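Asks: Read off the chains here:
Protein chains: 4
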Amino acid sequence: MTTNGSLNRKLRMALCGGGQGSFIGRVHATAAVLDNRAVLVAGALSSNAEKSKASAPDYDIPVARAYGSIHELVEKELALPADQRIDFVSVATPNHTHFEIAKTAAEAGFNVICDKPMTFDLKQAEELAEVVKKSGVVFAVTHNYTGYPLVRQARQMIASGELGEINAIRAFYIQGWLRTRLELSDQKQAAWRTDPKKSGIAGCFGDIATHAYNLARYMTGLLPETISCHLKTFEEGRALDDYGTAIVKFENGALGTVTASQISHGRENDMWIEIDGTKGSLVWRQEEPNAMVVRANGQPHKIYTRDPNAPHMNDMGRAACRLPSGHPEAFFEAFANIYRAAYDAMILRAEGKPFETKDTVYPNIHDGVEGMYFIEQCVASSQQGGSFLPIKHPLARK
Amino acid sequence: MTTNGSLNRKLRMALCGGGQGSFIGRVHATAAVLDNRAVLVAGALSSNAEKSKASAPDYDIPVARAYGSIHELVEKELALPADQRIDFVSVATPNHTHFEIAKTAAEAGFNVICDKPMTFDLKQAEELAEVVKKSGVVFAVTHNYTGYPLVRQARQMIASGELGEINAIRAFYIQGWLRTRLELSDQKQAAWRTDPKKSGIAGCFGDIATHAYNLARYMTGLLPETISCHLKTFEEGRALDDYGTAIVKFENGALGTVTASQISHGRENDMWIEIDGTKGSLVWRQEEPNAMVVRANGQPHKIYTRDPNAPHMNDMGRAACRLPSGHPEAFFEAFANIYRAAYDAMILRAEGKPFETKDTVYPNIHDGVEGMYFIEQCVASSQQGGSFLPIKHPLARK
Amino acid sequence: MTTNGSLNRKLRMALCGGGQGSFIGRVHATAAVLDNRAVLVAGALSSNAEKSKASAPDYDIPVARAYGSIHELVEKELALPADQRIDFVSVATPNHTHFEIAKTAAEAGFNVICDKPMTFDLKQAEELAEVVKKSGVVFAVTHNYTGYPLVRQARQMIASGELGEINAIRAFYIQGWLRTRLELSDQKQAAWRTDPKKSGIAGCFGDIATHAYNLARYMTGLLPETISCHLKTFEEGRALDDYGTAIVKFENGALGTVTASQISHGRENDMWIEIDGTKGSLVWRQEEPNAMVVRANGQPHKIYTRDPNAPHMNDMGRAACRLPSGHPEAFFEAFANIYRAAYDAMILRAEGKPFETKDTVYPNIHDGVEGMYFIEQCVASSQQGGSFLPIKHPLARK
Amino acid sequence: MTTNGSLNRKLRMALCGGGQGSFIGRVHATAAVLDNRAVLVAGALSSNAEKSKASAPDYDIPVARAYGSIHELVEKELALPADQRIDFVSVATPNHTHFEIAKTAAEAGFNVICDKPMTFDLKQAEELAEVVKKSGVVFAVTHNYTGYPLVRQARQMIASGELGEINAIRAFYIQGWLRTRLELSDQKQAAWRTDPKKSGIAGCFGDIATHAYNLARYMTGLLPETISCHLKTFEEGRALDDYGTAIVKFENGALGTVTASQISHGRENDMWIEIDGTKGSLVWRQEEPNAMVVRANGQPHKIYTRDPNAPHMNDMGRAACRLPSGHPEAFFEAFANIYRAAYDAMILRAEGKPFETKDTVYPNIHDGVEGMYFIEQCVASSQQGGSFLPIKHPLARK
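Chains as they are written, first to last, in full-length UniProt numbering: chain V, 1 to 398; chain U, 1 to 398; chain P, 1 to 398; chain G, 1 to 398.
A few of these clues could be false.
Said to hold, decoys possible - A few chain P residues facing chain U, derived, Cβ under 10 Å:
| # | residue |
| --- | --- |
| 1 | Gly161 |
| 2 | Glu165 |
| 3 | Ala168 |
| 4 | Ile174 |
| 5 | Ala296 |
Stated by the list, open to error - Facing chain V, from chain P, some residues (calculated, C-beta under 7 Å):
| # | residue |
| --- | --- |
| 6 | Pro300 |
| 7 | Lys302 |
| 8 | His312 |
| 9 | Asn314 |
Stated by the list, open to error - Residues of chain U placed beyond 12 Å of chain G at every Cβ, according to the derived structure:
| # | residue |
| --- | --- |
| 10 | Gly21 |
| 11 | Arg26 |
| 12 | Asp60 |
| 13 | Ala79 |
| 14 | Arg85 |
| 15 | Lys103 |
| 16 | Val131 |
| 17 | Asp186 |
| 18 | Arg238 |
| 19 | Glu251 |
| 20 | Trp272 |
| 21 | Ala291 |
| 22 | Gln384 |
| 23 | Lys392 |
| 24 | Lys398 |
If you're looking for bench data, these hints aren't it; they were derived computationally from the structure.
Keep in mind the model is a prediction, meaning the values are calculated, not measured.
C-beta atoms are modelled at their ideal positions from N, C-alpha and C, and glycine is treated no differently.
Chain V on its own, in the form it takes in the complex (with noise of 0.2 Å):
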């Protein structure tokens, strides 16, 4: 509950994205504003025009300022005084769009809050974090399953050595949405999804099973060394993958396994994580978020619940929380979160002051890079029969 601190306004957004059938656009404009930080001003909701201005009222964007192109949004925005014009751009595009919408808004100096997967291929991706990296802009990848707050409990547990040496994580997400051709009805998510030309070269593993492989990376910060993985195509006709598991070795011995699916009858956004370290583990269930299970031989198992004030709940943990234990946080809290922690990059860099660009508490550029190169890799390592392949890149977050 924090306001914007000596920049004394709130941030000023661009939603790129968003029309009619968007699901993720939605999320993104309520989660950017969910602690008052920040305003929705412009937008390109649509690469047509007419359509985006349409959409603007559902949106609360003054019509002027829905454009129909993110060159448009540049274009104009900067034209505006430094008063008015935006601070950042946040993209909810289909895959294949990303990496121009990012990369014109980050060389324009705008920060940049985009959807993952973050480009769609590994090039972009590579070509994208040299633009950032010139552009000095903040940039975030909404891997937004780090923004709960028992994720960031974890996280800062298994850096301060809690559970010890990390062997053995399980990271799953199975989800059962995909288990008829629902591409071929008239359904605007599945559609995309399941199309190489705008999802890229992976399909579950593009779009889900990242999700799950970040979310390791991202609570135990082992650095991944080389990887195997085996994808399906379950439905007949379907182009991309929607299942697949892989083997990830990790630097330091661990053994990682991401396991997805889109193709569990029922099974809804069932993401979840075991992590085993020499000194205890534990289990956090997406679906359940507010409870983590943490366990060392010889204790009772404990519940750690999202609590702000509990004696047990780190720095990390506690920051992440806007209720009391009891009162549920859920979903667009924890995507507010990653924008929580953007604002505080945005805010420095709006006072010309230095900011944490590579290990930040959001997921990042290196997170994107990261993200796009797992897809090459199991991709590649799949069509070769499961070889294992190289995972650690250059750009890799630490």
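Add chains U, P and G to chain V, keeping to what the hints say.
Replies: Just chains U, P and G now, with coordinates in the frame of chain V:
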């Protein structure tokens, strides 16, 4: 995800309460704007004008519209042009001040969203009901737990007879935070809640049992007849009850129990309800609000998840969802659903159209009166050793 | 895993009841021999001699020792040489026959393990207590839920003060199987349980609320003072209650509630208990008996699992385990723990040594009397509109 | 609850293993007699004749029939009259001794119930299969988890097509008890399990991953094709694996994963399985064995409880229940279900009737061979860096 329709502008909100140390003020402010249908433009954040102005930036309220009292607020706002003036006042102050604020606002023609318990005592509640009736304003009481999608789903299921005739209700609200005399330390929340001058004649039963009772009434629609109650104060020296249990006999012969505690170690905000009908039963739990168990003999237990796309969800359940299933919604979103439903009525009023005032989707002045009657009769019954007293108020919602 | 020590032989058992259609007879027979410490050698499996003999092979009982009545059983067994004669009689017949069987067996000097409710009415119970006292036999009542390891763990935790002073108890036993008039069909279990001539003056409260009440008494050791009860019959035409709730005031000021139902759709055998002490609270649930949640403010919730090797398990908890943690034990094993504890006493008696008769590990004649008193006072209170009546019996276990 | 039918007598059992410190010997002895269909009359409880005789009273075995070896046992039992002689031998010794015992017993014409893994290596398993085939004895392997009623319910549901074509299987067995070098202390269970001379070439994968793999095979009936495995030893100095994960490709194109751990802090005996079919999915968890979640898109999640009277339970599920729903059954009862099914076959054999030997309800010699093949190929694959190796054995159960 809707704009305000033909009203074609955001609703303008004033917040009473919410200064430093307030928990619920922030919740109101956040919930009110979650769907981008309202904007917080004014407030009486403290009963001290300077403190009110000092807190204004926290809520992005112009200092000029941060007032020192509801009277100043009403006077100054009424003096503003209609297109700047607030539409409604949210009351998030300690219980003993609700009445004056709500009455003053309503008499001035402003809609009111009032925290619960609605007033300090029943007499005030009944008087306020008169005022609201005369003024014709929209009046909502934030029995916020009724805003959860699955609670509304259950309400419609029961109303449509899916569970058959309701025979038994077991409602609980179990907390542990007042297990010690927290009020003796510098804890603002504990201090006023245990002070009969601020909280009223009941402690635990006024603060939380009312929620459980309201939930039972809201979900089942059953009219109550008589109530018997036993209140206890387990923490020595505390002026008000911190535990209690009540038995409610309903007009249709159903038997209900309402049990509430503030002294159950480690229990956070564990409100749950179990409802038994002749055709089916259900259980819903606030701390895991995205699932509800529906049972019928001879069938597998069914878990209804908050799934706006599921065929088994009904209109009320679906309308209260913002996210797809598996993407959990929680406390803020439920709270915002109270606001959302009240906004619909405010817009009708603003447009001069008729709107429902009794059996509303949101808890209203009738629920507020019932809540105060519940508190009074519980305390009276307990003082008489548990005698059964009337509990059906002439102003009951239904 | 123990033999019978210096007794150096198995105990010999006779089963009364258990003929065709019986559920609980088989449970007794199985539980009694689970640890290989007893052997079933005789029985009065039916009140019809021919039927009794016909059922004998089902239990591997020699036909010659399958009797038509307890009287025949006692006469014939007493006529056998001491080294063949039974040691104890298990009573698994409908309620109205318990008294005669148990009395006859005890008077003959045979130990008794009697199903609950112990007798048809309180008068019988008190008379039986006299008989048992005079005879000096071991007498156990199968309030079998007290046999669960974590129930015993909790009992010792509370006795040793780990939870502090107990303030509140909420005990529940929620079933749904009598939601319809099952007794009108050919269902033996339902028929006698709803027949006042066989079941006694209470239905649901005699059959299951007694278990919940007994569990509360057993776990906390608190002495009760007065009770108020409301019973309901929701299935039209049924002669006995099928739902009810009671309030118990304990001598130390604690407040308890006991709620039981047989008409809650789809609820199977959902007995659970919540206990609040000044230092901690706990929750245990029969349907998931291998875990118990122990909570204290400011600490993570703790899940105690049934783990004979865990440092936090106490002697009583450990002694009731047969398997390592994670290898679930359940209903049969808990039932067998009643037998196991009774066997220890029987062996002491057989060896002429003194043995505890009042505050035993297994539920005993005192619990049986208390159970009947509970039923009588609940029915009487309910008939008087919920008056508080005395509930502490002179023969109370403690 | 059945006698042994026309056989009209109990089956006579000999136990090999089960001396002091044994866990599984006691489990066999208890499970074998749970339904009163068998009696333990002989044993080779230890490889030391004196120790064997010393342990005999613990099992109520006459000292004269407590032997020092399987050879002595076979010789002496064969010398007894047919109506006293044992019917079967249960093998509950460390892995390296299974082969000789089982082979000797089978060659002598005694039925065998053998613990898993069936033998020390694959060669022994294949040889044993020959012996069993020639001898015509009943041979069961106690992959005991297949005895849970809901596992069998699932097996029949899948066999009958209720879940459609199976696409994906995720099987897990996560423990934590070997997180430290427990084998260095005086812990018998840990000592032999981590000793390659007694346990065989695999540790964790031989001890528990085999169970998970067997469960997947048993429940789905899918025939496997190839396997890739990665084994790890996280506790320094330990000779065998304590963690691993394998990928299984099935003939029908399904993808399976099997993950097992002995080093996950606080995880007790957490075996679970998730199965995805084209029409539905299910999840079952050993630690909460009385419930199984069955899901299909667009429907509420369904919880199947172990309910012998529920219409949705099938024949296999019902037949494995002893108690009504809500009265939990657990480890012992599931174990006993293996015995129960084997007894049915033993009776047929005793009566000279034909009996199924391949696709039996109980795990059999084919499962035993498959288990050993699984271990060998997992170890080989892991040594080759995870190469895919054949896994379908000519003797596969189906």
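Asks: A separate judgement is required for each hint: does it hold in the structure or not?
Replies: Going down the list of hints, with the structure as the test:
1. Gly161: violated, 14 Å
2. Glu165: holds, 9 Å
3. Ala168: holds, 6 Å
4. Ile174: Status holds, d = 8 Å.
5. Ala296: holds, 5 Å
6. Pro300: holds, 4 Å
7. Lys302: Holds: closest Cβ of chain V sits about 4 Å from Lys302 of chain P, inside 7 Å.
8. His312: Holds - the Cβ of His312 of chain P comes within 7 Å of chain V, reaching about 6 Å at its closest.
9. Asn314: Given a least distance of 13 Å, the restraint on Asn314 of chain P is violated.
10. Gly21: Label holds. Min Cβ-Cβ 38 Å, cutoff 12 Å.
11. Arg26: holds, 35 Å
12. Asp60: holds, 42 Å
13. Ala79: holds, 55 Å
14. Arg85: Non-interface label stands for Arg85 of chain U: nearest chain G Cβ at 47 Å, farther than 12 Å.
15. Lys103: holds, 46 Å
16. Val131: holds, 45 Å
17. Asp186: holds, 38 Å
18. Arg238: holds, 38 Å
19. Glu251: holds, 31 Å
20. Trp272: holds, 18 Å
21. Ala291: violated, 8 Å
22. Gln384: Non-interface label stands for Gln384 of chain U: nearest chain G Cβ at 39 Å, farther than 12 Å.
23. Lys392: holds, 35 Å
24. Lys398: holds, 28 Å
Checked against the numbered hints above, the structure violates hints 1, 9 and 21; every other hint is satisfied.
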